[in-house]
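Q: Sequence:
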Amino acid sequence: MPPMKKTNYKPNKDHEYLARLQAYYAEHRVIPSYAHLMEILGFASKSAIKKVLERLEAAGMLERTPYGDWAPTDLFFERAIANHPVPAGTPVPVSDEPCEKVMLDRFLIEKPSQTVLVRVKGDSMINAGIHHGDLAVVERCCHANPGDLVVAIVDDEFTLKTLGCDQEGFHLIPANPHYPIIRPQGKLEIFGVVVGLVRKYL
1 MPPMKKTNYK PNKDHEYLAR LQAYYAEHRV IPSYAHLMEI LGFASKSAIK
51 KVLERLEAAG MLERTPYGDW APTDLFFERA IANHPVPAGT PVPVSDEPCE
101 KVMLDRFLIE KPSQTVLVRV KGDSMINAGI HHGDLAVVER CCHANPGDLV
151 VAIVDDEFTL KTLGCDQEGF HLIPANPHYP IIRPQGKLEI FGVVVGLVRK
201 YL
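The C-terminal position of the sequence shown is numbered 202 in the working numbering, with every residue numbered one higher than the one before it.
Think of the hints as simulated: they come from the structure by calculation, not from any bench. Only a predicted model underlies this, so the values are computations on that prediction, with no experimental measurement involved. Beta carbons: idealized from backbone N, C-alpha and C, even for Gly. Any given hint might turn out to be false.
Quick list of simulated restraints, FRET-style, between CB atoms [stated by the list, open to error]:
#: 1; residue 1: 121; residue 2: 195; range: 36 to 44 angstroms
#: 2; residue 1: 202; residue 2: 102; range: 36 to 44 angstroms
#: 3; residue 1: 127; residue 2: 102; range: 25 to 33 angstroms
#: 4; residue 1: 74; residue 2: 27; range: 14 to 22 angstroms
#: 5; residue 1: 40; residue 2: 127; range: 45 to 53 angstroms
Whenever a hint applies, use it, and build me the whole structure from the sequences.
A: Structure (structure tokens):
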């Protein structure tokens, strides 16, 4: 990323403009034209839009492509983290302190070229907090340690379980008492290790 320019970034209004731009991008996956931005941001001139975009560029939110188009940077996708953990019991006062920010893709994935998302099917890992329909973030590798959550290949079928090991060798442990431990009769192949989980409630 090029060095930051000196900027006249206006936190209050530009934060609002950025939020509208992020909402548009989330739906359409493109930065709109100047004419469309005039409507979205409520400006009467393209020169005013240009100044807003340049301030967002200087703040590191946008950048120019080699073809001169506007494109979002990594900072554009960052989301605020609450300063204090949210207890599941007694409520705590809300803090007005500035929030740390995180980009979810970068937070969940350390090795993009080796990472895949796997849709979970069934309830064999329910007591490990892994539900049917969840997306498991899986880092591809050939080896894993006992206790790791793994996606393994057993008898040409994929399964997500905890890797175990005892006197009889490696096996796969479910997190639901209604399912048996899997002790492969043949080869047990590790597809990858589960490093994260994604779930939507709506």
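Q: If I claimed the Cβ atoms of residue 127 and residue 102 lie 25 to 33 angstroms apart, would that claim hold in this structure?
A: Check passed, 28 angstroms falls within 25 to 33 angstroms.
Q: Is it true that the C-beta distance of residue 74 to residue 27 lies inside 14 to 22 angstroms, as the hint says?
A: holds (20 angstroms)
Q: How does the Cβ-Cβ distance of residue 202 and residue 102 compare with 36 to 44 angstroms: does it lie in that range?
A: violated (21 angstroms)
Q: Is 36 to 44 angstroms a correct range for the gap between the Cβ atoms of residue 121 and residue 195?
A: violated (19 angstroms)
Q: Given a hint of 45 to 53 angstroms, does the C-beta separation of residue 40 and residue 127 actually sit inside it?
A: holds (47 angstroms)
Of the hints listed earlier, those the structure fails to meet are numbers 1, 2, in rising order.
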